Structure formats: structure tokens, C-alpha cells
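Chemist: What follows is the residue order along each chain.
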Amino acid sequence: MNYIGIDIGSTAAKVAVLGETQQYFVLPTGWSSIDTARAIQEQLQQRGISLDESLVVSTGYGRSAVNFADKQITEITCHAAGCAEKYPNCSVIDVGGQDTKTIRIVDGVVSDFLMNDKCSAGTGKFIEVMANRLGCDIDHLFEIAERGSALPISSLCTVFAESEVINHVGAGKPREDIAAGVVDSVAAKVAGLAGRLALSDQVVLTGGLSHLPLFAQSIGKKLGHPVQPLENGRYAGAYGAALLAQRLEEKKNRKEK
Amino acid sequence: MGEYIKELPDVFSEFSEQRRQSFLTAMEYKKQGKPLVGAFCTYLPMELPLAAGASVVSLCSVSDETIPAAEQDLPRNLCPLIKASYGFAKTDKCPYFYFSDLVIGETTCDGKKKMYEFLSQFKPIHVMELPHTQSEQALQLWKSELYRLKAALEERFHTEITEEKLRAAVRLRNQVRRSMIEFYDTMQMDPPPMSGMDCYNVLNGAPFRFDLENLAKELTELAARLRERGSLPERKPRILLTGCPIGGVYKKVISALEQSAYVVAFENCGGAKATHELVDEDADDIYEALARRYLNIGCSCMTPNPNRMTLLRKMIEDYKIDGVVEVVLQTCLTYSVESGLIRQMVTKDLGVPYISIETDYSMADTAQLQTRLGAFTEML
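Quick mapping for you: the protein sequence lines, in order, are chains A and B. 166 is the number that this note's numbering gives to position 166 of the first sequence; each next residue is one higher, with no gaps. Convert by adding 1000 to the 1-based position in the second sequence; the result is the number in this note's numbering.
Any given hint could turn out to be false.
To be verified - Which chain A residues face chain B? A few, computed with CB under 7 Å, are given here: (1) T74; (2) I76; (3) T77; (4) V110; (5) M115.
Unchecked claim - Beyond 10 Å from chain A on every Cβ pair, some chain B residues (computed): (6) G1111; (7) M1189; (8) K1314.
Unchecked claim - Anything over 10 Å on all C-beta distances counts as not near chain B; from chain A, calculated: (9) A12; (10) D35; (11) Y87; (12) S111; (13) L134; (14) I138; (15) E162; (16) Q202; (17) K221; (18) Q228; (19) R247; (20) L248; (21) K251.
These are computed hints drawn from the structure, not numbers from a lab. These figures come from a predicted structure and were not determined experimentally. We treat Cβ as the ideally placed atom computed from N, Cα and C, and that holds for glycine.
Isolated chain B (complex conformation) (with noise of 0.2 Å):
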């Protein structure tokens, strides 16, 4: 091996570095006059800002820091994702809502877009009006809002957003995405590759990256490694997880789960819910190709939601889950509701032992968490 190839665990925490390191390349891209568009959530068409000459930043919405500040003006009883968002963009705690230019939000939940009202208050916000069904008319309405996004992009940059551009956008994106996928499913080895947390951390850690090319070689490498490198000595249960965003609370409940079992697979939005999918390139009307892959992600705000369950169940086989690990964010309604419908699925349709937690960002139920999740591993 030459010494310039970084051994892998560093390049492991180099992954789980990015957010915090990323602060001064944003800073960079600013002084440089480049435009930065912050994002809420994976329902955003990164390649319209994109294809506007844009980076695309993940705003902070992950620690109990800020959620003080925000209760402030939200309700307490309200999902810790929203409250974090919004009390980060308040305190101005957030540098990556401070450079961007310009924040898009979508009507996932009814929590953020009543949030979003709150938030225009400081900083321009676009919010695209996301239909909550995948019929034809939602494809639509929702293809309607790109072009309004389209408008709003080049209004604000001074650009025009060309068909050219927009496609090369979308080959990088899904380039990007088919690199993602490549390292994540190296977990498809049992025992797997590394650790989840490792591969969360490099997962989590992608998004705030700006180089989009040097992105999707660095991970396919790092795939090749890994393969190279082989399963990790022992055995041990294979965990998929499932339900919200789990960036704010992936360390405590990973390192609960990874005592006696491996997390293989994420289904989350941080994982192969929002990645799985490619963009069609070959289109004729790349709009409505770009809004059909959007639409078609498997979030609990979509009734019913089928992409949701078969992409579960596809994950349960190809990654041979022993156990499935619902997380469900305090008060988030449709994920928690759903919860149920997941666990008929997996418990009695594919005979799978399945699991949900509810938690919030603070370490108030570590103990809690280490007590249920060792002893559903312990049963598995």
C-alpha cells in the first residue's frame, strides 16, 4: 500500500469531521461570491440549485443545543428535528444558515411548515408545497413547483438554468448517489466491513461535502477498500434501521445497539431512503423525471406510502436482517403512527423481530435506550 493512501479509520473521522470542517470551506465559497443554498430536508432537487451554479448545504437541525431558544417561541411538545432547526437559525448558531443565501423548505410535516412561517421572519426562505400522495396529480403539482423553483433560483443568482445544465446536474448527482450506494452496500457482507457507526459517520458526513466529483471517486474507493479488506472477525446480529432522521441521535442509539450486534443497513433519510433511487438522465421532460425521483421518496408524510414498505422489505433481504430498529422521534405523528403498520409488516409478513423507540435529542434515556436495545439484541 503507498503512504499516501490514508489508512481507513482516518478516513472514517475525516467523514465524521466533515460537518465542522466544511464551516471554512462555506466560508471560502462566500468570499469567493459563490451562492449557497441551505436545505432542510432530502426532498429538496438538489440539481435545480445545482444546475444554478450553487452548492447545497444541510443546515444544522441535529443537537439539543438551540432547542432552549426555540421553545421560545414553538410549543415544548414538538419534534426535536424542528425545534433544533429552527433555534440554530435563531441564535444564529448555525454557519451554514448564516452563508446561505437562500433556505428551501418543503411542507413535509405540518410541525415544519408552520415552523418555516416562523423562520421567514430572518431569512429569505423558499418553501415548495409538497403534495402528500404519489398520484398523478401530485406528480403534477409537484413538477409545477420545480419550474416555481427553477424561477426562484435564477431570479435570486442571476442566472438561467438550462436544460444543459440541468442535466449535467443530474448526471453528477446520480453519480454521486451511485457511489453512495456502492459504499453502503459493502454492509451486505456478513459479517460487514466496518462498524454502522462507522458507516454512518462517512454517510453523515458526505452531504456537506462541495466537491461533488472528488466525492463520488473518494467513496468508490473507499467501497474498493473495503472489499478488499473483508468482513470484520466476528459475527454478530444484523440490525437495520428505520423511521426518522436519526442525525441527532445516531450516537446513542448505534453504540446501544453495536455492544452486542452490527448496524448494517440504514433506511433512514441519511441512508438509502433518499439515495437509493437514480434520476432518469435519459428523459425526454427532465422536469418531470426530476420530480417523479423526489416524489417517489418513502417518507411517513406520504399516504399510503408503499416505497416505504418495499424498500423495507428488499433492505430485510438483501442485507439478511436479523433485527429491525424503528426510531421514531418525540412527537413526530406520522412516522410514530406508521410505526404500527411497519411492524405488522416485518413481524408478521417477513417473520423478522422488530423493535421502535421513541427518543428526543437529550441524554436523559441513554440507560433507557441501553436496557431495551441490549435486550433486543440479546433476543435476536
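Chain A with its partners taken away, still in its complex shape (with noise of 0.2 Å):
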């Protein structure tokens, strides 16, 4: 039996397999999410692993359009179960690609949580239609970031707060101040969100920006509270799920007996 987890989200698609055999995945989202549930199963079929002999859950803005899942349940939960399996107390900072949100668990269960409205500043959007501007991905953005001195972006909104960075690119700045700026700024954010709920003495970041050290590092320094990225931490959703297709199965045989 497999337990298979598939997390759709703004930006990118991640599947997570537990069970006879443990592989993870990523794709892109791209513009239809039906389109990339599809490619899933046939990238799961090419790998081995027969959905006949497998419980999936789906979840993020696109598992309601993955029609082979056996549940659907949303990604604050699984981000919750991904991260309570190492961290059963803890804060999660979830840095997504079009919002944020915030999660304390207790016990293993989700306490309370909280998400950014309907803004994409300190989001990934926000790094990602700047490091456009700036003429390179986003692992590059941050590795030049390393070596700059932030300068101020204050704008709450991504659209004027890329004005500011032109303005900056106008005035002819150092790439590496503005791209240090741009970290500064959707850290600030982030912070912001996390710090409108009770933390935890373990915060843990998760989501496509936690590979990256820097990142974890200016949340801490503007929450005034170490944030330790998860390993593997882009999967934490995924991973959730694959963790909740477990316990349907448990739960399933529990009512059998």
C-alpha cells in the first residue's frame, strides 16, 4: 500500500509516496491545475506506484481538481501534520507563492492559525516579480542578497513596491542592496503576520523559500525569535497529506473491526 500526498499549490505542484516505497516530486503548477493533476498520475504510473493500491490526498488551491484523490482536506492542516511529525509543539511559518500563513500546533493539532489577506507582499509572488526585475531567479536573488546592505522598500503592495525597486534601479544602486531591500521587506512582512499569534519557543519555516538560509534568518531577526527551516520543507504539505492518507487507512480499519 502507498500513501501518496499531492500538494497543488499558486506556483508549484508537490507529490509526496510513503509506504512500499518513499519518492518526492515537484512540478509546476502551471495553468491548469487539472492539466498537472494529470501529469502526476502519469509521472506516479512511470515511477511504479499503481493508484489502484494507493489512499492520495490532495490538497492546496488545486486538490479539488486532482479526481483520483480519496480526500480533499486543505493545506493548514496538512502543513500542520508534515511539521507536527518532527515538531508536535511548535509555530509554522508558511511562505507560499500566493499567500502566507501562520499555524501554532499543540499536542500534534492545529491551535490556531492565521492567513495574509488578500495581499501578495510577503508572499513568494513578492520575491519572484522582483527578482524578475532584477534580471534573475530567486535562489540568485538571495545569493546576491548575501553581500548587500539592505535598502528600504516599504510599499505594502507588490506593485508599488516594485516601483520603489525600479526607482532604485533608476538611481542606479547596487543590485545587491536592492536585492538585500527585497528579502528585508518580505521578511518584515512575514514577521509581521507570525507575530499576530502566540509563538512558540520552536517556529519552523516551511514552504518553496525554506531551502534558503538567508531567508529563515531575517524572519528570525525582524521576530526577534530563531525560525528554523524544515528539512525538505517545500513537502511539508505533501508530506501532511501522505501522513493523512495513512490515518484514513487506520481509520478505515479501526471501523472495519
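Please assemble the complex out of the two chains, which come individually in their own frames, going by the hints.
Modeler: Rendered as C-alpha cells:
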């Protein structure tokens, strides 16, 4: 039996397989979650994973597009399940492509959470837009930001912040300093959201930017509290979904007994 | 069961269609020369127009259809309910507004009271000065506003509101309130006897009924039938809704919640907030009794607002609530500030999970609401 978690986010679709085999893979979400779900299905087949002998939980904004899922669960619950495995008491900060959430986990279950309201500043999208403007990809932006000293970018709106960046570009400011300013600005917004919920001693960062040490450090500095990037943090939602798929079976077995 | 008794789903859909059907009733009313009073808010003491022989109808304010027209005059960054109220009036798309002989407003929030100034350009509107505290002085001011409304109604409808007529109106409205309470109290059953969507559709449709005696009888019958039918089969977490009026957002909010929970209690304007308290029918001074009853409504425009807290505490207990969802309409300042105090009371004092969502009449945030509210119910 395999337990598959599929997390279709706004930018990337993450898949975690547990059970007979352990596999992780990621695909770009593209412009149709239905096509993405189909591509995932093909990938699973190519990897020799039979859906007939699997339980599938889908999550993320594209969760309803996964027509072969046994259950849909929101990404908040899945992220929490993915993190609680290692940290049963913690605060999770998940910076996604289109939203950011902070989740408080007590004894392995969600006790409270917050999501940002209809605004892309403080999400991965913000960094993507700015990286584009600086002619590099996201990983490269963080790389050069290490060497810069942050320029102020204070707009609360991604579009206005982009014009701030353009002003800095126009004034011939060093690219490293602009990049550092971008990271600083997102970190401040993320920390602002996280700070609205009572923080646990253990604060964990997940999402597609969690492999960048500078990001966790910058958020930690703003929060005044260390932030630990979760290993494989990009897969936290998919991994949690796979764990929840496993529990689906346990529950079913208990009922049958 | 006799064949003349309607099936419950038909009763629910009849109530949900009530608003549309009443357009025709309103037209009939006008043809017969009966006066109609348009209301925006539950602070209007409905007994007074009733005693003047007029029917009271809620004016349209719950869809985003006319918001673009409203935004030609009003700022965009304003509560959707205020914009929609004005938009429907301005574009003449609300038949109730069209048929109303008089519109009555109250100085509840700043946005509304300024909007009424615009509205008065094309419709006679009587604005009552609602105080924002519940002190004795406030009560006296509000009572004097009731007398001023009485005079305005008498003058417009060429009639006299006698003590006798007013007391009869009070008794009738109380009867309707009792039947409403009887109806929504059935949701205290665990599991409830109907979905929150069915329950809200009835609460939402009831104010569009003009035949109040029949309405009260039907609601009482409906409650009895629900008790007889008993609980729905599956147990799910029990949700209480509080906050702003939800007429314009209930579909997306309730359906997101009811994927894995039941909305069993409504503390909002359309629910218990403006219904749960009766008017003292036997009071010596019926005007004071009326003024007191209406001033007691626990709206966030009051400061402080202890009655909302008391009602919430009681409902959370009576309805065995697992989670509280507060709905704040965009830019509603008083509810949005007060939500922090509600969160404190609900989570710290009562240990019940709480979430507040901010939304408007558009469908743009449907997916986000499904995630947010879905995660909230999964957590319970």
C-alpha cells in the first residue's frame, strides 16, 4: 500500500509518496490544475506506483482538481501534520506562492492559524516579481542579497514596491543592496503576520523558500526569535497529506474491526 | 401525514424565495393603497409603522450588482452593505425601495448616516438619531426619537397612533419573535434537525412576509415538525456565526463551513441579535419599553457593547458550540475593532476556537474562504 500526498500550490505542485516506496517530486503548476493533476498521475505510473493500491490525499489551491484523490484536506491541516511529525509543539510559518500562513500546533494538532488577507506582499510572489525585475531567479536573488546591505522598500503593495525597486534601479543603486532590501521587506511582512499569533518556542519555516538559510535568518531577526527551516520544507504540505492518507486507512481499519 | 402538508424542503425553498415573491405582494399592497415603510436596519422600532397601519419591508442591500453605480457617488473603500443599499436605491432596481412611501434609517455607523444624506436626494427619508451608548440619558434621547417617528408617521399616513394600536402591534411583533426563537432554537438539538443553510434561508425570508399572524403560526408549526423529525444523522462540529449582517455573504460562508460542520447558531442581525429580546407588553410606559428593547440590541455601534458579549456567552453554551466564526464586512470599522475583544472572550474566557474573516459581496475570495474556513472546521 502507498500513501500519496499531492499539494497543488499556486506555483508548484508537490508530491510525496510513503509506504512501500518513499518518493518526492515537484512539477510547475502551470495554468491548469487539471492538467497538472493528470501529469502527476502519469508521473506516478512511470514510477511504478499503482493508484489502485494507494490512498491519495490532495491539498493546496488545486486540491479539487485531483479527481483521483480519496480525500481533500486544506493545506493548513496538511502543513501542520507534516511539521507535527517532527515538532509536535511549534509555530509554523509557511510562505507560499500566493499566500502566507502561520499555524500554531499544540500536541500535534492545529490550535490556531492566520492567513494573510488578499495581498501578495509577504509571499513568494513578491520575491518572484522582484527577482524578475532584477533579471535573476529567486535562488540567485538570495545569493546576491547575502552581500548587500538592505535598501528600504516600504510599500505594502507588490505593485507599488516594484516601482520602489525601479526607482532604486533608476538611481543606479547596487543590485546586491536592492536584493537585500527585497528579502528584508518580505521578511518584515512575514514576521508581522507571524507575530500576531502567540509564538511557540519552536518556530519552523516551510514552503518553497525554506531551503534558503538567509530567508529564515531574516524572518528570525525581525521576529526576535530563531526560525528553523524545516528540512525538505517545500514538501511539508505534501508529506503531511501523505501522513493523513495513512491515517485514513488506520481509521478505516478501526471501523472494520 | 395529510397530503395538504408541504414537504420540509419545499417549506425551506419557499422561504428562500420569499424575497422575490414578496415583490408581487408589495405591488398588490400598493394597489390597495396600503402604506409601505422601507427599513435598512433592525434598530427601526417596527411596532410604530405597524401601529400606523403600514407594513415594514427590508430594503435591498445584499448583492454586488449595483455597487459600481454606488461607487460613482460614494468612496470605493466603503462597506459593501452601504454601497449596495445606496446602489439599489439609486438605480431603482429595488422594487421595495420603489414602493416604499417612506424610508427610515438610523444613525448606526458613520458610513450609513452619511449615505442617507445622498439618499434623501431622491426619496423621503426619516433618520432616527440612535445614541451609541446604553445609558439612561441615551434611553431618554432614543425614546424622544420614537415620539418624533410617531409624529412623522402620523403626518405622512394621516392617521393617529393610539396607545391601543401600539400595544396591539407590540403583542403581534412579540408573537413573531417568539415563533422565530422557537424555530431557531430547534438548532440546539445535537445533531441539529436541519442544515444551517436551511435555517438561515427561513430567517432571511421571514422579514419579507407581511402576513405576520400567519408567519408566526407557520414558524411555530415548522419548529414542531422539526422537533418531530429529529436530528440529522451525522454528528459534525457545531458553529456559531457572529459579526456583521451576512445577507450578502451567507451563501459562500455557510457552504464553505457546512462541508464538514453545521452552522447551528446565528448571532448576527438576521438571527438572535435582533430577535431574542421581547418588548415588555405590560409596561406602564410602552414607549419607554420599546425604546429600551431596541436600544438593548448588541450591535458594535454601541460602546461598550456588553449585551453582545452576554448573548454570545449564552448562545455558545445553549447551542454547545465547538467553534465561533466572526464575519466582518470590509471596512466595517466597529465590528472589525470589536472582533479583537470577541476573540479574547471566546478563546481566553470560554476556551472555544475562534476565527474572524473579512469579506465583501464579490465571489473573488470564495477559494480563500473555503481554505480558511475548511481548515478551521478541520481543526475542531
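Chemist: Hints first: check each against the structure and report whether it holds.
Modeler: Results for each hint:
Proximity of A:T74 to chain B holds as hinted, the smallest CB-CB distance being about 4 Å (cut-off 7 Å). Hint status for A:I76 relative to chain B: holds, with the closest Cβ pair at about 3 Å, below 7 Å. Among the interface hints, the one on A:T77 holds; its C-beta lies about 4 Å from the nearest C-beta in chain B, closer than the 7 Å criterion. Nearest Cβ of chain B to the Cβ of A:V110: about 4 Å, under the 7 Å cut. The hint holds.
For A:M115, the shortest C-beta to C-beta distance to chain B is roughly 6 Å, which falls under 7 Å, so the interface hint holds. At roughly 20 Å, the least C-beta separation between B:G1111 and chain A is larger than 10 Å, which holds for a residue marked as non-interface. With a minimum CB-CB distance of about 25 Å to chain A, B:M1189 clears the 10 Å threshold, and the non-interface call stands. With a cut of 10 Å on Cβ distances, B:K1314 stays outside the contact zone with chain A, its closest approach being about 24 Å.
The non-interface label for A:A12 is consistent with chain B: the shortest C-beta to C-beta separation is roughly 17 Å, beyond 10 Å. For A:D35, the non-interface assignment is confirmed: its Cβ lies about 18 Å from the closest Cβ of chain B, beyond the 10 Å cut-off. For A:Y87, the requirement that its beta carbon stay farther than 10 Å from each beta carbon of chain B is met, with the minimum near 17 Å. Distance check on A:S111: its Cβ comes as close as 7 Å (rounded) to a Cβ of chain B, failing to clear the 10 Å threshold; non-interface status is violated.
Chain B leaves A:L134 outside its interface by the beta-carbon criterion, the shortest separation being 29 Å against a cut-off of 10 Å. At the 10 Å boundary, the C-beta of A:I138 stays outside the reach of chain B, the nearest C-beta of that chain being 24 Å off. Residue placement check: A:E162 keeps its beta carbon more than 10 Å from all beta carbons of chain B (closest about 22 Å). In this structure A:Q202 is separated from chain B by more than 10 Å, as the shortest Cβ-Cβ distance comes to about 19 Å.
Interface exclusion of A:K221 from chain B stands, the closest Cβ pair being 27 Å apart, more than 10 Å. Non-interface call for A:Q228 relative to chain B: holds, since the shortest CB-CB distance, roughly 23 Å, exceeds 10 Å. Consistency note on A:R247: stated as away from chain B, and its beta-carbon is indeed over 10 Å from all of that chain's, at 13 Å minimum. Consistency note on A:L248: stated as away from chain B, and its beta-carbon is indeed over 10 Å from all of that chain's, at 13 Å minimum.
Annotated as non-interface, A:K251 keeps its C-beta farther than 10 Å from every C-beta of chain B; the closest such distance is 14 Å.
Consistency with the previously given hints fails for number 12 only.
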